[in-house]
Amino acid sequence: MKILIKGGRLIDPASGLDRIGDLAIANGRIVSLGEPSDFAAERIIDASGLIVAPGLVDLAARLREPGHEHEGMLDSELAAAAAGGVTSLVCPPDTEPVLDEPGLVEMLKFRARKLSRCRLFPLGALTQGLSGQALTEMAELTEAGCIGFSQAEVPVRDTLVLARALLYAATYDYQVWLRPQDAYLGGGVAASGAMATRLGLSGVPVMAETVALHTIFELMRSTGARVHLCRISSAAGVELVRAAKREGLKLTADVSINSLHLTDVDIGYFNPAMRLTPPLRQGRDRDALRAGLADGTLDALVSDHMPVTADEKNVPFAEATPGATGLELLLSLALRWAANEGLGVARALEVVTAKPVQVLGTALGSLGASAGRLVAGGVADICVFDPAASWAVTPEKLSSQGKHSPFAFETSGFELPAQVRYTLVAGHIAFENAQQASQEAAGA
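Final position of the sequence shown in the numbering used here is 532; the numbers increase by one with none missing.
Keep in mind that the hints were calculated from the coordinates and are not lab data.
Being a predicted model, the structure only gives us computed values, none of them experimental.
Don't take every hint at face value.
[Said to hold, decoys possible] With a Cα cut of at most 30 Å, we get these calculated BS3-like pairs of lysine-lysine:
no.: 1; residue 1: 338; residue 2: 197
no.: 2; residue 1: 197; residue 2: 491
no.: 3; residue 1: 202; residue 2: 485
no.: 4; residue 1: 338; residue 2: 491
no.: 5; residue 1: 491; residue 2: 94
Can you make the complete structure from the sequences, with help from the hints?
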C-alpha cells in the first residue's frame, strides 16, 4: 500500500531532522520526506498535531515463547509492542525451553514474521540450558538469527566458563549481553537499605552489581570481547561504566524504565507490582541513572517487559514473580524522563530509536542503515503519536497479557504523556488507534 502521512512533525534524532512535513511510503520503504509530485497515495494519514518518528527499538522484552504457545503469548505481546510504537525488539533466551538450539530460534523468528507486527531479534543462550557450564554452538545460533548471546537473569558462577565464553565470542566478534549481578550476593528480593530492613525483606546490596562489573571489565580487558550491560541499577554501577568507557572498553549499557522512574520507597506496603529485577534502589541511584542516560554513559532505555499473570503476582511480595508489562509504556516514560531532565522530545526519542540501533550494530545487517531512522529509501518502520494526549495505565487499556505495572493509575495516581496513533512496520500498519480512526472517518 502507498501511504502518505501528511502534515506531521517529522523527528529523526539520528540526523537532527525536526520539521513539519509529509512522509511518503511505498513497497515497505520511505519514498521521500515530502510528497513526491507523482505519488498516488492509496491511503492518507492526517498527522496534523502529531509527531512522526522512527519506530521504537526495545532491547529487553520477554515474550514468554517458546513455553506459553497455548496462551497465545507471542501474538499478544507483539500486539503490545505495536500498540507502544515498538517496531523492533530484542528478546532474551530464558524461555521454556531455553534458546540454545537453532531450531527453536528459527521457529520463533518464523512465528514473529508471520504475525507482521514487530521485528524480532532473539539472543541466544551463552551456555547450554543457561546452566553456566558448557558453551552453546554460537556459530549455529548466529546463523539461525541470534544477534548476540546472553545468560538472561542467570549469572555464570564459574568465572573460568565466563572467560572462555567471552574469548570465544571475541574471536568471532559476537556481542555478549550480561546483566551484572553476582551469583552469591544477588539472592535477595529488594534492594538493601532502610526500606528492605523495615519491611523485613532480604536485600540485594549494590556490591552485587559492582563486583560483577569489576569481573566483567577484567575479562573484557583480557579477551577483547564486546559486551552490552543490561539494566544497570545503581549509582556506583553508572560510575564504573563511565570509567570503563573512558578507558576504551568495547562497552554499551542500558537502563530500564522502572529503575529510571521508581525507588524502593514505591514498594510501599509490600506492593507485589514493585517486585522487579533488578530491584528498585534508592533515590540517589535513580538520580544517577537519569543523569547517566542524559550524558550518554547509559546508551539506551528499555522496557524490561515481562508479562506476569495475576496468579504470579497476587501472592506475598517475596514470593511474587519479578516483572511488569512495559512495551506499551516505553515511549511515554522516555518522554517523561526527558521532561524531568529538561531535555527535548528528540533526545527522548534518541534513547529508544537511534541509540539502541547503535548498540545492535552490525548484527542488524542491511537493516542497520535505516532502522531507528527516518531516511529516504530506508525501511518504513514508523511511530506516529500524539504528544499532547495523556493516558492512564489500566488493565483494559493494555494489549499485553501482563496487566501488572508499577505505573498503574490505581497505584500511582498519575497519567502518562503521549499516545501512539499509528505504528507501521515495513510500511504495513501494525497498529491503529481505533478511537482516532473513527474520529478521522467522522471528519471525512
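Status of each hint after checking the structure:
Between the alpha carbons of residue 338 and residue 197 the distance comes to roughly 28 Å, so the proposed pair stays at or under 30 Å and holds. At most 30 Å may separate the alpha-carbon atoms for a hinted pair to count; residue 197 and residue 491 meet this at roughly 25 Å. For the proposed pair residue 202 and residue 485, the alpha carbon gap of about 25 Å is at most 30 Å, so the pair holds. A hinted pair counts as satisfied when its Cα atoms are at most 30 Å apart, and residue 338 with residue 491 does not qualify at roughly 37 Å.
Pair hint residue 491 plus residue 94 does not hold up; C-alpha atoms about 35 Å apart against a cutoff of 30 Å.
Checked against the numbered hints given earlier, this structure breaks hints 4 and 5; the rest are met.
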